[in-house]
Structures are given as structure tokens and as C-alpha cells.
Amino acid sequence: MSDAVEVKTLIIDERPVSARRGQTILEVAREYGIHIPTLCHLDGLSDVGACRLCLVEIKGSSKLVPACVATVSEGMEVSTNTERLLKIRRTILELLFAERNHICSVCVASGHCELQSLAQELGLTHIRLPYRNPQLPVDASHERFTADHNRCILCTRCVRVCAEVEGAHVWDVMGRGIDCLIISDLHEDWGASTSCTSCGKCVEVCPTGALFNKSKIGSGHPKDPYFLPFLNQMRDAR
Amino acid sequence: MTIEELEQIAKNVRLENSKFDYEVNVCMDLACASQGAGQLRDALAKAAESAGKKVLIRRTGCMGPCSSGPLVRVDPEETLYRKVNASHGEAIISALGGLPVPELQCDLNEHFGSQVRVVLENAGYIDPEKIDDYIARDGYKALLTVLTEMTPSGVIHRVTESGLRGRGGAGYPTGLKWDTVAKAGGDLKYVVCNGDEGDPGAFMDRSVMEGDPHRVIEGMAIAGYAVGAGKGFIYVRAEYPVAVARLSAALRDARRHGLLGNSICGTPFSFDVEVRLGAGAFVCGEETALIASIEGRRGSPKPRPPYPAVAGLWGKPTLINNVETFANIAPIIRNGGRWFFNMGSERSKGTKVFALTGRITNSGLIEVPLGIKLRKIIEDIGGGVPAGHTFKAVQTGGPSGGCIPAGMLDVGVSYDALMRMGSIMGSGGMIVMDDTSCMVNVARFFVEFCMTESCGKCVPCRAGTAQMYTLLTRIATGAGTMDDLEMLEELCATVKEASLCGLGQTAPNPVLSTLKYFRNEYLEHILHKRCPAGVCTMEAAAEVSA
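Which chain is which? The protein sequence lines are A and B, in order. Residues 0 to 237 (the working numbering) are what the first sequence spells out, left to right. Residues 20 to 565 (the working numbering) are what the second sequence spells out, left to right.
Treat the hints with care, as some may be off.
Here are the computed lysine-lysine pairs in the DSSO-like style, where the Cα-Cα straight-line distance is at most 27 Å [unchecked claim]: (1) B/515 - A/58; (2) B/202 - A/7; (3) A/62 - B/160; (4) B/202 - A/86; (5) B/72 - B/38; (6) B/160 - B/149; (7) B/515 - A/86; (8) B/72 - B/160; (9) B/250 - B/202; (10) A/7 - A/86; (11) B/30 - B/202; (12) B/160 - B/30; (13) B/72 - A/62; (14) A/62 - B/535; (15) B/160 - B/250; (16) B/202 - B/38.
Facing chain A, from chain B, some residues (calculated, C-beta under 8 Å) [said to hold, decoys possible]: (17) 322; (18) 326; (19) 474; (20) 483; (21) 513.
FYI, nobody ran anything at the bench for these hints, they're computed from the structure. The structure displayed is predicted, hence computed values, not measured ones. Every residue gets a Cβ at the ideal spot worked out from N, C-alpha and C, and that includes glycine.
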């Protein structure tokens with residue numbers, strides 16, 4: 000068994016596919032060009048299974064599983080795109096839009112926002128839920144970056160990239176439930192943070208306009224979270 | 020410590036007790052203590068001394084019918100006195116040997132008649148801070164039997180044979196869980212006892228930890244031997260300071276008697292237990308969040324698999340059982356798996372402790388064989404709802420459970436039957452409601468609980484429960500529309516199906532079950548702007564019409 004890679008065959012959306020043991024459903028689906036929407040997942044970071052957009056159906060089980068963390072097994076039959084799943088994904092997006100203040104027209108990330116693109120992709124035309132309109136702080140104390148909590152969807156990508164890749168662990172989550180807030184250090188101003196290295200990784204991986212580079216205001220703010228797999232590969236090679 | 024030494028301790032205790040003519044047991048559990056059971060005990064002691072009678076006055080854990088407290092039981096006559104206070108001390112002492120004090124005597128034949136006590140067998144009979152009292156009632160006998168006469172797989176076989184299912188709420192077969200952990204690889208394994216009881220109206224585990232702490236420790240040590248773990252943790256919520264103190268004292272005494280620690284009773288088995296405190300988060304009762312909390316991290320759940328049985332505390336195979344599950348282990352070992360299997364219903368074996376509260380005459384702690392009819396629990400054991408009121412529903416399973424209406428009271432209580440009715444067994448909270456309860460308000464209360472206790476990690480639970488609460492508030496204040504009701508039902512479905520952990524997956528149950536059985540009350544609020552029970556103030560409706 001030493002170096003032999005165990006191969007599993009399974010079915011995703013009626014297509015027979017093969018996978019290595021231990022691979023997640025999401026990884027395999029992507030290898031075969033099967034698209035599953037994700038938001039908290041990012042290649043190069045650990046997975047938390049929190050946004051629930053990548054939920055898929057497994058034949059023979061009534062429970063939905065998150066494709067980003069569920070691993071493949073032999074003979075598994077996965078459906079990624081059923082009516083039931085689409086309905087749940089749309090409702091989750093509606094919940095996110097209504098949770099804080101996502102106003103695309105005045106957002107620095109408009110046109111480059113993953114939440115916005117997912118809404119378009121899933122055909123969301125309006126939000127049926129009442130907007131909660133919370134009054135959340137905007138932290139512009141950092142020299143180069145701003146954190147606007149009104150646009151944060153609590154995906155914790157910033158928390159993970161800072162702890163896992165940069166190794167600084169500036170960000171973490173405070174409070175619980177609907178009152179969760181991403182904080183820097185021990186809830187101090189970002190600009191006053193002694194642990195922040197100003198590397199900007201959190202800004203690049205943020206899927207919305209919650210974390211942005213001040214110099215990009217007004218000029219459109221494309222983000223580049225795709226450096227992570229490359230970075231990890233280079234590190235592993237060293 | 021050997022079995023013979025254990026029996027010697029038991030003999031000594033009995034000899035010591037035989038020097039007294041009477042035993043007066045005073046319930047010192049929270050409900051009784053808060054009504055002056057402490058002063059009562061002092062008064063009894065003083066009266067006994069001045070009367071020159073040989074009386075053993077013992078403080079005990081919860082005796083059960085809390086609403087009749089403070090309670091005193093006189094042995095050997097087994098006379099139970101209710102609502103006793105310090106001024107009754109002399110009367111009780113002078114009645115010893117004669118007729119009981121009539122005005123205090125408590126006739127609860129119906130209350131106790133249908134109960135079977137396994138987990139609570141020592142409740143009311145031992146001083147929880149005296150390990151010798153526990154040993155005198157066969158305590159630690161099961162552990163020594165296991166260590167000297169049984170193989171680990173033999174222990175697991177006996178637990179499997181008993182049919183015991185997890186008492187924390189989900190009802191997973193305990194034997195199977197133990198077997199999984201036993202078969203998981205690696206030298207380092209852990210046993211964790213979940214004492215993070217947080218359901219509103221539930222206090223079963225608190226009473227067990229406070230009233231009979233050694234029973235939990237013995238169960239954990241047996242589990243440690245069976246699965247091959249050398250270290251255990253009891254995770255207790257910090258809101259239970261007495262339980263923490265009693266457990267800590269019990270652990271110290273068990274170590275002193277050589278019943279915990281290295282090479283227990285001269286066998287190669289070593290096991291010790293540490294108490295860890297929760298910091299006020301309900302979600303830490305969920306096993307993956309509990310593990311994170313013990314590890315010193317933020318208590319938020321993780322997707323399973325991997326299950327803790329394979330990768331739990333610090334990534335090691337970990338057995339997590341609830342307090343009541345561990346409390347069942349020693350009697351199962353002593354009496355055999357068959358004995359336990361013969362109690363209960365077809366797929367739910369043994370007994371279950373319930374905390375009976377709400378609009379009920381005899382509230383308190385009860386233990387009944389599973390399969391018993393809800394009607395028997397509420398009408399016979401509980402004595403029914405207060406006079407002049409009519410029963411409406413019983414809520415089981417806390418915020419994860421549902422409301423069961425009057426029409427379904429003849430169903431036997433089992434994991435599966437409760438699930439079919441849209442509720443769950445849960446940890447054992449049972450809240451009785453009568454015509455003074457508004458079901459919309461009840462649903463709103465539980466959703467608010469889940470909203471504030473959500474860890475905030477996954478979207479459906481974090482934002483979904485908050486939106487559900489908003490919609491329920493609109494309905495409860497008279498501002499609700501039929502569209503709101505439709506949206507509410509859709510949100511319930513999403514939160515139930517898409518949430519990460521049990522908290523979110525079950526949070527809609529109180530809404531779904533009240534919608535199923537009491538939809539009319541929702542419609543009254545929405546269409547006629549009135550609350551049938553007169554609970555909701557409907558202030559928003561008044562604004563509209565004004």
C-alpha cells in the first residue's frame with residue numbers, strides 16, 4: 000500500500016469521474032469542469048464549510064454535504080445542481096445581502112465582487128427579506144487599507160490567510176451569531192495593530208469590498224486571490 | 020483498593036449508620052436550598068440533640084419533586100415531608116418513632132409510582148460529598164469488576180447489549196460509539212463527558228453531577244478502560260458552580276482512594292479526569308465546538324466527518340458522551356446488559372430522566388422507563404396543569420425540539436416517536452404549557468434563544484435565525500402578513516437543511532412544530548390581529564388601526 004495511490008470512481012452530475020482517495024468533492028468536480036459555487040472556500044486556505052453555498056446532494060442520503068470538505072468515496076453519486084440546491088443557494092445569498100449593507104453602486108469592489116457575481120450567476124433579481132441595515136464601523140486607520148464591516152460577509156478568508164499563510168494572525172472573529180465582527184488584534188484599530196505586517200494578503204483574498212486598498216478607490220478594485228496556490232507550491236518546493 | 024476493601028468501606032458505613040435509630044435526609048439541591056433547606060438542616064440537628072434522639076441528619080442531592088420543596092425524607096419509615104421550613108424541625112424530630120406530622124406529609128404515590136430509578140437511584144440517599152456513601156450503595160463496584168474480570172471488548176459488548184442510546188439528545192447507540200473509538204488507531208485517546216447542559220428548563224445533568232458525582236466519574240473510567248483512553252475531561256458549564264465544586268471534590272476523593280490515577284487498584288490501567296469549564300456558550304454542547312473549547316479555541320463547530328470518534332481532541336480519537344449516558348454505565352455493568360434491555364420500548368431502551376417544568380402541578384426531576392405515555396407523565400406523575408386551566412402542549416428537547424399537542428399525548432416517549440411528531444428527545448427538558456401560553460410567542464422565544472446562541476460561523480444559522488426572529492416578531496406584534504408566514508416557512512426549510520451543526524439544523528423545530536399543530540394561532544395573529552392566549556400585546560396592530 001506504501002506509495003500506491005488509491006483511486007475512487009464516482010458519479011458527479013451523471014458523469015463518471017475518478018479521484019484520488021482523500022480528495023474533496025469540490026476538487027474533483029473542478030478537475031472535470033463541473034462548477035460548484037463557493038464563497039468561503041479559497042484554494043490555498045484551509046476549509047471551514049461555513050458559507051454553505053457548495054452544498055451538494057449525495058444519493059441515498061437526505062443530508063446535504065459541503066463539497067469543499069466532504070471527501071469522495073467509491074460509487075458515490077453526487078448531484079451539484081438540483082432545484083433544491085439552487086433554492087437553498089439563492090436563499091443563502093439573500094440572507095447575506097440582507098444581513099449587512101451591500102450597496103453595489105457605491106462599492107469599491109463592484110464588478111469584481113464574488114458576492115455580486117454569484118447573485119448574477121444564480122439569477123437573483125431581488126431580496127425578499129427585510130434588510131437589517133446595521134450600523135457598523137469602518138476602520139480606515141491603516142495607512143494603505145480600509146476595513147468596511149458593512150460589506151463583510153464573515154467568510155473568514157482574511158482570518159485564515161493571515162494566520163495560515165502570513166503567520167501573523169492579526170484577524171479573528173469577535174462576538175457570536177448575528178453580532179459577529181472581524182477584529183484586528185484585540186479589537187484595536189487596524190492602523191494601531193502591532194502584529195500586522197501590511198502585506199495586503201487579506202485585502203486580496205476578501206471576496207467583497209469589505210477590505211480594500213485605499214489607492215484603488217474610484218478606479219475599480221480587482222482582487223487577486225489566485226497567488227495562494229502558487230505561493231504554497233513555491234514554499235513546499237523550498 | 021480491591022473489591023474486598025471496597026466492601027469493607029461499605030460495611031463500615033453501614034455499621035456507622037446502624038448506630039443511629041433514624042435517618043433524616045434533607046434535600047439540599049438548588050431548589051430546596053434556595054428555600055432554606057440549609058437552616059432547616061441546622062434546626063433538625065438542634066432539635067435532635069435537645070430531644071436526645073440518635074438521628075443521622077444527611078444532606079442529599081435532588082429528591083425529585085422540586086415544586087414541593089424543601090423536602091425531607093425520614094428513614095427507615097420512608098416518610099416524605101414537603102414544604103418544610105426551619106420552624107418544622109422540632110415537630111419532625113418529635114414525630115420520630117410515632118405518627119408522621121400530618122400537615123407536612125407528602126403523598127406522592129402517583130408521582131413516584133410509575134417511576135423507575137436507575138440514573139437517580141442514589142439521589143436523595145447519599146451525601147454527594149461523601150465517597151463512602153456512594154461506595155456503600157455499590158459505588159465503584161462496577162469499575163473494579165471491569166478492571167479485574169472483564170476485557171475491554173467484553174465491556175463494550177455489555178454496553179451494546181443493553182441497547183443504551185446517547186442521552187444527550189441524538190440517541191446514537193452508545194455501544195457502537197464506544198466500539199468505534201476502541202477500534203480507532205493510536206495510543207492516545209480521550210474520554211469526554213458533556214456536562215454543558217444548556218436547554219432552557221433542563222436540569223437533569225446538573226442534578227446528577229451535583230447529587231451523585233461519583234457515578235459520572237465511574238462511568239467515565241469504565242469507558243476509558245473499554246476504549247483504551249487514559250485521560251478524561253468533564254466539560255461543565257460555568258453556570259453550575261456547585262456541580263463543579265462537587266465534581267472536583269469527588270475527583271480528589273476518588274484519587275485518594277486509588278480509584279483514579281496511575282495503576283488503578285493494582286491493574287495496569289491508568290485513568291484520570293480533569294474538569295473544564297464552559298464560558299457561557301450554548302453551542303459548546305455541540306461536540307466539535309466542545310472539543311474546540313477544551314483545546315482553548317473559539318467554540319465553533321466543525322463539519323463532520325471526521326467524527327470525534329476518529330479525530331477529536333487534539334486530533335486524537337475521542338469518546339464524547341453526555342452526563343446521563345455515563346451515569347447509566349455502572350448499573351449496566353452491575354446488573355447486566357439484558358436487565359437494561361428489558362426496560363423501555365422497542366428501540367429505546369432503559370429509563371430517561373426528564374426535567375418536568377412549566378404549567379404543571381408537580382414540577383421537578385423524574386425518571387421513567389422509555390415508552391411511557393406522555394399522558395402518564397403529565398397527568399399522573401406531573402399531576403396535570405394547574406386547576407382551572409387546560410393543557411395545550413408539551414415542549415420537549417429544548418430549542419431543538421418541538422411542541423406536542425394534546426391530541427398526541429397517548430404516544431409513548433421514545434427517540435423515534437418524538438422525532439415523528441416533529442420534536443426530539445433532546446437531553447430531557449419537558450416544558451408543559453396550558454391555555455395561558457401563546458404558541459407564536461413560544462416559537463419566538465426559542466428562535467430568539469437560537470439566534471443569540473448561534474456561533475455565527477455558517478450563514479443559514481447566523482443570518483437565518485435572525486431573519487426568522489424578525490418575521491416572528493412582526494407576527495407576534497400584529498404587523499405580520501401571510502407573505503411573512505410563507506417566507507418564514509421557506510427560511511425554516513433552508514436553515515434546517517443547510518446549517519452546519521445541530522444547533523442550526525434543529526433551530527426551526529419549535530416554529531415548524533407549532534405551525535404544524537397550532538397554525539390557527541398564527542393565522543389569528545396575522546388575519547385578525549389578536550392573540551388567542553392574550554400573551555402578545557399586538558402593539559403594531561394598534562398603531563395601524565389608530
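Would you check the hint for residue 515 of chain B and residue 86 of chain A, treating anything up to 27 Å between C-alpha atoms as holding?
13 Å, holds
Hinted pair residue 62 of chain A and residue 535 of chain B, Cα distance within 27 Å:
Within the cut-off at roughly 22 Å; holds.
Pairwise hint evaluation, residue 38 of chain B against residue 202 of chain B, where the allowed Cα distance is 27 Å at most
51 Å, violated
Checking one constraint from the list: CA of residue 202 of chain B to CA of residue 86 of chain A, max 27 Å. Satisfied?
41 Å, violated
Is residue 30 of chain B within 27 Å of residue 202 of chain B, Cα to Cα?
40 Å, violated
Take the C-alpha atoms of residue 160 of chain B and residue 250 of chain B, compute the straight-line distance between them, and say whether it is at most 27 Å.
20 Å, holds
Restraint check for residue 7 of chain A with residue 86 of chain A, where alpha carbons must lie at most 27 Å apart:
Violated: residue 7 of chain A and residue 86 of chain A sit about 30 Å apart, past 27 Å.
Does residue 38 of chain B sit within 27 Å of residue 72 of chain B, going by the straight-line distance between their CA atoms?
11 Å, holds
Sort out whether residue 202 of chain B lies within 27 Å of residue 250 of chain B, counting only the CA atoms.
Given pair residue 250 of chain B, residue 202 of chain B holds - Cα atoms ~17 Å apart, limit 27 Å.
Agreement of residue 72 of chain B and residue 160 of chain B with the hint, judged by alpha carbon distance not exceeding 27 Å
34 Å, violated
Could you check if residue 483 of chain B really has its C-beta closer than 8 Å to a C-beta on chain A?
Cβ of residue 483 of chain B sits 6 Å from chain A, so the hint holds.
Could you check if residue 474 of chain B really has its C-beta closer than 8 Å to a C-beta on chain A?
With Cβ-Cβ at 5 Å, under 8 Å, it holds.
When held up to the earlier numbered hints, the structure conflicts with 3, 4, 8, 10, 11, 13, 16, 18 and fits the remainder.
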